[in-house]
Amino acid sequence: MGRNGKFQFAIDRGGTFTDIYAKCPGGKIRVMKLLSVDPENYPDAPREGIRRILEEAKGYDTSRHVLACFGGAGGQHACSIARSLGMRTVFVHKYAGILSAYGMALADVVHEAQEPCAKIYQPESFSYLDKRLDALSKQCVEELQLQGFTPSQIGTEAYLHLRYEGTDCALMCTATSDKGGSSESTTHGDFRGTFVKRYQTEFGFVLSGRNIVVDDIRVRGVGKSLAHSTVNIAEADSSPPVDRITKVYFEEGYQDTSVYLLENLRSGHSLPGPAIIMDKLSTILVEPDCTAIITRAGDVKITIGSGQLGRIGTELDSIQLSIFSHRFMSIAEQMGRILQRTSISTNIKERLDFSCALFGPDGGLVSNAPHIPVHLGSMQEAVQYQMAALKGKFNEGDVILTNHPKAGGSHLPDLTVITPVFYKGESQPVFYVASRGHHADIGGITPGSMPPHSKTLLEEGASFKSFPLVKKGVFNEAELVEALNAPGKIPGSSGTRNLQDNLSDLRAQIAANQKGIILVGELIDIYGLDVVQAYMGHIQANAEVAVKDMLRQIGNKALAQTGSTVLQAEESMDDGTSIKLKVTIDVEQGTAVCDFSGSGYEVWGNCNAPRAITMSALIYCLRCMVGHDVPLNQGCLKPVKVIIPKGSILDPSDNAAVVGGNVQTSQRIVDTVLKAFQVCAASQGCMNNVTFGDEQFGYYETVAGGAGAGPTWDGRSGVHTHMTNTRITDAEILERRYPVMLQHFSLRAGSGGAGRHRGGDGVVRELLFRKDIMLSVLTERRVFQPYGLLGTHFSSHHN
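Residue numbering for the sequence shown follows the UniProt record's numbering, beginning at 1 and increasing consecutively.
Keep in mind the hints are simulated off the structure, nothing from the lab.
Check the hints yourself; a few may be wrong.
Unchecked claim - Derived pair list, reagent style SDA-like, types lysine to any residue, alpha-carbon separation capped at 20 Å:
no., residue 1, residue 2
1, 424, 200
2, 472, 518
3, 471, 397
4, 646, 598
5, 641, 605
6, 582, 611
7, 119, 185
8, 138, 116
9, 638, 537
10, 582, 601
11, 548, 629
12, 301, 397
13, 548, 364
Start from the sequences, fold in the hints, and give me the full structure.
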């Protein structure tokens, strides 16, 4: 079946089984394994193999969970599914067949009332807050009484939507249980204490001395249902009554199977499998080597097998490798969700121009979410630079900010926030977490901080090599503001034009890292530090083996076709600066030397790519050429020696302008690598950067283009390719937030080139501005067209 929208893996038809239950002549029940032709046509079947892959792909260790099943047929499949997932316990509610309807009958009725406030949380406002909370509580009670609830059945809970003054992230908080209307709290309790504690948990610091603003007042009224959710049944005083015994066919053959009626069973009855528990609403199959226990509430608890789950060891297990791989990725993904939720800028919240990743104690990349490739491959060098610069002098509660190209940065607008992860009793970090976000403006000579004509790094905005953003839990706001405004001291330049967005998004990045720290700690709590770090190493080693296998395969193919394992390619930037690559593969060892010697010198412009960007493009290509699911991590680069000449466009000097290297040259490096390996034709070759603004704001976006075709596929049209993985701003958001109208946005038909497999078409995007602004466009491929392979035609200029 291959990959599709539902499954992120290829489904092997020959390995997919479904359970079919049939009643045979003579009243016998037979359980068979049927090879499914198309598993999509069997939505009610267990499909244990597919379910197992789905669970592992999400990173959940299902063996540590209880399987709860419902529906009339759910109990028939529960044991087999639990066994295949390594689960030891199954829970079947006595009303499993009508559980949804039963739950609705027991549900409480909720009514909420909310109103805006905009007051400072302080003693002077407590009487007002108490008055409004009381009024909203009365409103909720009256509404629930109209629905038939008596006052004794109704309860209310008060909330305040709080945020620090000057920030944008508000938290909905309840009060502590301490009620008394003291000078520090309302009569409903202390909301400040709850807010400060939650803020510390989510962001890792508090803003001492900052006022707390009440954005909204909210009351939640709950009408308690009269129905009782739990009624205990009688205790068992004899053996469970067997209704009858029948023959049931399992994989071992026919077995005598006791049939019980659920209505005749009592609390404490133990039913060894094989057994069938029947009811008017559902049927439960207790398979061999399983035991069902009737609970006090009359529910059924099934224990699968008799063995205990052993502790996972440090030695490699293929199933646990998959689980840990996706657990690590899940941590980065959850960091990204926190970053998107708590950020404020269009760039991060809407365009998703950010990345989050997890790094080992040596700073090596362990795992990342599927965010921005140009960020992910280079963040490892940023973490390792800080480790060397600080010489291990990290303290718990410290957070570092960096964006300098010589410190592993990509370009200055990409601000990287790095936080060490400490664990109980460990004096040094056991992991690192980092988030990198593209800030729409950090100062410089043009709004948007992406000047097409910058010549030095100073013209591109504020730079940070190793800035203490948070020191022992204290947010260093004053020095940060000073640093962000510093470019304004340079003639012709400006400080940041979006200071509040910068501050809010940096707090969001800190919060994302804090989430990663919490999740890493929880993972270590479950498995132990030795196991977690061992599987970190296994994952990196697995990536190394995968890249070695890929290099051997390509090397042998080249040897058969050309008699050599040396691959070469050259591409030119629009100004004529060349990017040269020579790849020498050692087929026996599965290693390679990637030599960029001969590439052009550093340019008097901004298309210089920091070394971290060159490495990022290379690791991305290596990962793309591996034919199966391997996380992008440090292991991908272990079989490869990389030679990059210093002072070249691929490793420029400290003060060279680099804003275009990240978004332009990185794409051309990818095109060069893929050309050397002959795996696919060129893409649009740049990120099509558009910035506009004035002294009050700056906006930035990348415009999509066409992807190159491959030996068996056409290139995608109108997509962000390779090193960029952002999305473009929705037209409604763009026009609502900025003085611009989107006049036209469509595919540029026929621009993808000709061939058996065509490249993707580019796009046309027309903007009409409603006020005078400064517009900057930073693009490539206006001189040299994207190349085709194996005799195909070039695509259009600036696709």
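Hint check:
| no. | hint | result |
| --- | --- | --- |
| 1 | 424 - 200 | 19 Å, holds |
| 2 | 472 - 518 | 17 Å, holds |
| 3 | 471 - 397 | 6 Å, holds |
| 4 | 646 - 598 | 11 Å, holds |
| 5 | 641 - 605 | 29 Å, violated |
| 6 | 582 - 611 | 17 Å, holds |
| 7 | 119 - 185 | 15 Å, holds |
| 8 | 138 - 116 | 17 Å, holds |
| 9 | 638 - 537 | 12 Å, holds |
| 10 | 582 - 601 | 17 Å, holds |
| 11 | 548 - 629 | 15 Å, holds |
| 12 | 301 - 397 | 45 Å, violated |
| 13 | 548 - 364 | 19 Å, holds |
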